[in-house]
Amino acid sequence: MALEREFCKWSFCAKPEVVTVETDLLLVGGGMACTGAAVEAMAWAKATGLKVTLVDKAALDRSGAVAMGLSAINTYVGAENKIADYVGMVRTDLMGIIREDLVHSVGAHVDQSVHDFQDWGLPIWQKDNENHTVDGQVARDEGLPLLKDGGKCCRSGKWQCMINGESYKVIVAEAAKNALGMENIYERVFIVKLLTDKKNSNRVCGAVGFSVREHKTYVFKCKAMIVACGGVVNVFRPRSVGEGQGRAWYPVWNAGSTYAMPAEIGAKMVLMENRFVPARFKDGYGPVGAWFLFFKAQATNAYGEDYMAKNWDKVKEEYPGYADAPGTCLRNHAAMMEMRAGRGPIMMHTDKAMQKLAETLSKKELKHLEAEAWEDFLDMSISAACLWASFNMEPDKVPSEIIPSEPYLLGSHAGCAGLWVSGPSKNYMGAPDSWFWGYDRMTTVEGLFTAGDGVGASGHKFSSGSHAEGRMAAKGALAFILDHKNDKLEAAQNIDEVIAEIYLPFEIYEKYKGYTTAPEINPNYLLPKHVQTRLQKLMDEYVAGCSTMYQTNEIMLNEGLKRLTMLKEDATRLAAPDLHELMRAWEQYHRILSGEAHLRHILFRKETRYPGYYYRSDFLKIDDSKWRVFTISQYDKNTNEWKFETEPYKQLVK
Amino acid sequence: MPSFVIVEKCDGCKALDKTACQYICPNDLMVLEPVQKKAFNQEPEQCWECYNCVKICPVQAIEVRHYADIMPLGSSTIPMRSSNDITWTIKFRNQKTVKRFKFPVRTTPEGTIDCFKGFTLPSDLADLKKPGFYTGPARTE
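Protein chains in written order, with the numbering used here: chain A, 1 to 654; chain B, 1 to 141.
The hints are simulated quantities; they were obtained by calculation from the structure and are not laboratory data.
Every residue, glycine too, gets a C-beta built ideally from N, C-alpha and C.
Mixed in with the good hints, there may be bad ones.
Dumping the calculated DSS-like pairs for lysine-lysine here, alpha-carbon to alpha-carbon at most 27 Å [what the hints assert, rightly or not]:
no. : chain 1 : residue 1 : chain 2 : residue 2
1   : B       : 14        : A       : 148
2   : A       : 148       : B       : 130
3   : A       : 177       : B       : 18
4   : A       : 216       : B       : 14
5   : A       : 177       : A       : 82
6   : B       : 129       : A       : 51
7   : A       : 562       : A       : 643
8   : B       : 14        : A       : 364
9   : B       : 129       : A       : 364
10  : A       : 606       : A       : 537
11  : B       : 14        : A       : 397
Estimated spans, in silico, between C-beta atoms of each pair [to be verified]:
no. : chain 1 : residue 1 : chain 2 : residue 2 : range
12  : B       : 59        : A       : 559       : 20 to 30 Å
13  : B       : 82        : A       : 49        : 34 to 44 Å
14  : B       : 69        : A       : 644       : 46 to 56 Å
15  : A       : 624       : B       : 82        : 51 to 61 Å
16  : A       : 563       : B       : 82        : 28 to 38 Å
17  : B       : 114       : A       : 495       : 34 to 44 Å
18  : A       : 326       : B       : 119       : 39 to 49 Å
19  : A       : 316       : B       : 114       : 48 to 58 Å
20  : B       : 34        : A       : 325       : 55 to 65 Å
21  : B       : 136       : A       : 2         : 50 to 60 Å
22  : A       : 158       : B       : 110       : 49 to 59 Å
23  : B       : 98        : A       : 368       : 17 to 27 Å
24  : A       : 316       : B       : 82        : 44 to 54 Å
25  : A       : 202       : B       : 119       : 43 to 53 Å
Covered stretches of chain B (chain A as the covering partner; in silico rule of three or more C-beta atoms under 8 Å from a C-beta of chain A) [said to hold, decoys possible]:
no. : region
26  : 4-17
27  : 32-45
28  : 48-59
29  : 63-76
30  : 122-130
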């Protein structure tokens with residue numbers, strides 16, 4: 001290490017007030033998963049007599065990935081579909097390696113959450129008696145049956161249904177708030193470290209964080225915990241590096257806390273090499289799903305050629321057995337063939353699709369169609385609508401460009417990075433013994449549960465599936481607490497030392513800020529944005545980001561690891577002048593650990609399992625003989641070492 | 001600078017118990033300048049343009065000047081959110097094309113969700129290890 005290790009001795013910054021909160025079940029995160037966990041856990045409050053507490057780094061009404069709203073619920077199985085087909089779709093899309101016990105159980109529960117959303121007031125588009133599409137308010141005004149009573153939703157694809165989802169999160173949050181009571185919700189408190197038990201280092205017993213509003217530390221002591229704070233955004237250099245870097249496809253505040261905090265106490269992670277590279281409307285990142293599935297638009301290369309039709313035989317040849325149905329990464333792969341050959345940009349022909357639909361529609365229906373097209377953006381990525389307005393583009397008159405974005409790490413969308421968790425029950429659907437260790441969605445650390453983006457090897461949950469999975473995890477966690485009622489827990493960590501470590505960036509800033517004339521340039525420390533840009537640059541250049549067209553190899557990865565290792569050392573010299581920056585400092589630290597897991601997993605898996613998401617140029621094929629396995633890693637914080645193992649994939653659902 | 005605050009309109013939410021935009025911003029960007037008592041966006045390059053500050057501002061003092069590295073100047077996208085619907089007015093850069101849309105946001109009155117009403121809450125603790133939620137059973141297939 002280049003610089004001497006610093007310690008916070010409170011010589012330069014004031015010690016914060018310490019608030020200790022004792023609870024039974026602690027929910028870390030306020031998105032779909034933890035709001036789901038909150039309602040389900042509180043339904044059991046009377047029977048269990050257990051206390052539930054939720055802590056969110058933002059405000060519950062508008063936190064998490066659904067903060068802006070959504071225009072569709074992407075997972076609703078519905079009476080017309082079979083759960084087995086849902087599992088089959090997820091298996092195909094995630095290239096043959098998923099935990100089918102986890103995916104199947106999401107499929108068995110998810111519709112209940114959707115029905116509850118509709119009860120709570122989420123407007124869901126429906127089909128009326130003449131099979132016309134009506135919005136969620138008209139559906140209620142016309143007295144159409146609710147989905148749970150046999151009402152028909154408006155499908156945009158086989159599994160998706162359209163909603164008027166501007167207030168989706170507000171509604172789901174309101175249910176959670178009213179169930180929990182505001183006295184059990186801590187907003188604007190950012191959890192950064194987990195505590196383990198003195199007698200059992202593999203048992204979680206608390207969490208420490210700080211208020212981003214006042215100079216206060218929070219120490220939560222608990223019997224069990226659900227950590228679900230989303231995926232990882234801005235770990236790679238984004239395509240827009242100015243103000244536009246805020247317009248990430250996934251929420252820009254997702255900092256990898258879900259992976260980094262459990263990893264630091266030894267929780268095993270799975271398939272962290274997986275990523276999601278969404279192909280979206282360029283720069284505004286508007287959703288493409290409705291355009292492909294609902295409006296039936298076609299995407300082509302610069303010369304009007306349908307890249308799917310053109311390249312699909314080649315894709316089948318390259319990846320035999322995996323290209324029978326077009327999965328998300330292989331669709332990207334087909335588009336990237338055109339881009340690499342210099343035949344970009346890829347264009348979405350919204351104009352032709354709208355003009356085709358207009359041929360059979362009345363003027364009124366056409367007006368409605370236009371509103372639907374704009375609402376799709378306004379509900380969930382407003383900037384994409386603004387981009388049309390700022391370029392004078394009307395989607396029914398001109399096409400729009402789409403582009404594969406920077407990589408994101410997540411476990412709930414079309415990706416499956418995350419933690420290795422227990423299945424729902426012993427030998428669920430014939431699952432091996434090694435997939436169940438007592439409690440649904442418990443990580444390999446006792447008492448530590450996760451859901452949504454946190455659960456690995458089980459993608460395509462989206463908002464509704466994450467909510468349902470949070471509810472399942474809550475039941476598992478309550479059962480765990482009741483089975484371990486007599487455990488006396490005591491933190492192994494010295495709380496004062498943990499707090500001192502958390503505020504070290506304050507101490508460092510105050511200690512050194514006077515040394516130079518410009519606080520941004522100082523040889524003794526790095527500011528959070530310095531660390532972020534350095535991480536983004538190395539991930540982009542060495543770990544298959546946009547600038548190499550998602551390609552890497554062993555030598556590049558090792559070079560990236562060298563840089564990342566030094567960055568991790570330098571992160572102990574993060575400096576923060578205020579609470580906002582202290583939050584940013586720890587977000588960067590969580591991003592570094594998540595990025596390291598991603599890099600090491602890509603290094604470990606010597607094949608290209610997800611063409612179109614990333615390419616190992618030294619192993620371009622899919623190699624089922626060796627690699628149709630779960631890759632599982634475990635980080636040891638004390639030795640700073642990573643251990644890898646594999647677990648065979650097993651198909652449970654025909 | 002993504003979301004921006006109009007000096008003349010912002011009153012720092014002095015009549016409320018908290019500054020609305022500061023309360024709601026999911027990324028902790030909006031802060032109240034202590035002397036002038038006006039809000040501002042402290043980290044524009046981390047703004048998701050989620051419009052939650054725009055929607056919540058009680059005096060319509062917040063708008064969005066879109067990402068400087070992406071979008072030409074001159075267009076505007078203004079929401080008016082009520083308790084049950086939202087109206088969008090979108091003006092193009094050419095100042096001629098204007099689109100107006102109105103969408104429902106919820107079908108129940110604000111604050112009325114009682115997620116336990118009408119349900120028999122579970123009492124058999126053994127059910128914690130079985131499938132299903134308090135609002136209904138899991139599908140079996």
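Results of checking the hints against the structure:
Using a Cα cut-off of 27 Å, the hinted pair residue 14/B and residue 148/A is violated, with the two alpha carbons roughly 45 Å apart. Proposed proximity of residue 148/A and residue 130/B is supported: the alpha carbons are some 22 Å apart, at most 27 Å. Proposed proximity of residue 177/A and residue 18/B is supported: the alpha carbons are some 19 Å apart, at most 27 Å. At roughly 25 Å between alpha-carbon atoms, residue 216/A and residue 14/B fall within 27 Å of each other, so this suggested pair holds.
Between residue 177/A and residue 82/A, the direct Cα distance comes to roughly 33 Å. Violation of the 27 Å bound is thereby established for this hinted pair. Restraint check for residue 129/B and residue 51/A: satisfied, since their Cα atoms lie roughly 19 Å apart, inside the 27 Å limit. For the proposed pair residue 562/A and residue 643/A, the alpha carbon gap of about 18 Å is at most 27 Å, so the pair holds. The hinted pair formed by residue 14/B and residue 364/A fails the criterion: a straight-line CA distance of about 45 Å is larger than 27 Å.
In summary, the hint linking residue 129/B to residue 364/A is not supported, as the alpha carbons are separated by about 52 Å, beyond the 27 Å threshold. Note on residue 606/A and residue 537/A: the hinted pairing holds, with a Cα-Cα distance of about 23 Å set against a maximum of 27 Å. Proximity of residue 14/B to residue 397/A is assessed by CA-CA distance (about 46 Å); at most 27 Å being required, the pair is judged violated. Here the CB-CB span from residue 59/B to residue 559/A is close to 53 Å, at odds with the stated 20 to 30 Å.
Take residue 82/B and residue 49/A: their Cβ atoms lie about 41 Å apart, and the range 34 to 44 Å holds. Between residue 69/B and residue 644/A the beta carbons are some 40 Å apart, a value that contradicts the proposed interval 46 to 56 Å. Checking the proposed 51 to 61 Å range against residue 624/A and residue 82/B shows it holds: the Cβ atoms sit about 55 Å from each other. Under the hint 28 to 38 Å, the C-beta atoms of residue 563/A and residue 82/B, about 51 Å apart, miss the expected range.
Residue 114/B and residue 495/A have their C-beta atoms about 38 Å apart, which keeps the hinted 34 to 44 Å range intact. Checked against the hint of 39 to 49 Å, the pair residue 326/A and residue 119/B passes, with Cβ atoms roughly 42 Å apart. Judged by the Cβ atoms, the range 48 to 58 Å given for residue 316/A and residue 114/B holds: they are separated by roughly 53 Å. The hint said 55 to 65 Å for the Cβ distance between residue 34/B and residue 325/A, and at roughly 58 Å that hint holds.
For residue 136/B and residue 2/A, the hinted distance range of 50 to 60 Å is satisfied, since their beta carbons lie about 59 Å from each other. For the pair residue 158/A and residue 110/B, the supplied restraint of 49 to 59 Å is violated, since their beta-carbon distance comes to about 34 Å. Evaluation of the 17 to 27 Å hint for residue 98/B and residue 368/A yields a pass: the beta carbon distance comes to about 18 Å. The given range of 44 to 54 Å is respected by residue 316/A and residue 82/B, whose C-beta atoms sit roughly 52 Å from each other.
About 37 Å separates the C-beta atoms of residue 202/A and residue 119/B, a value inconsistent with the hinted range of 43 to 53 Å. Coverage of the region 4-17 of chain B by chain A is violated. Counting CB-CB distances below 8 Å, 0 residues qualify, and the rule asks for three or more. Coverage of the region 32-45 of chain B by chain A holds [criterion: at least 3 residues with CB-CB distance below 8 Å; count 4]. Figure legend: the region 48-59 of chain B, annotated as covered by chain A; annotation consistent (5 residues with Cβ-Cβ distances under 8 Å, at least 3 required).
Beta-carbon proximity to chain A at under 8 Å applies to 12 residues in the region 63-76 of chain B; the threshold of 3 is reached and the given coverage holds. With a cut-off of 8 Å between beta carbons, the region 122-130 of chain B has 6 residues touching chain A; three or more are needed, and the interface restraint holds.
Of the numbered hints stated above, those contradicted by the structure are hints 1, 5, 8, 9, 11, 12, 14, 16, 22, 25 and 26, listed in ascending order.
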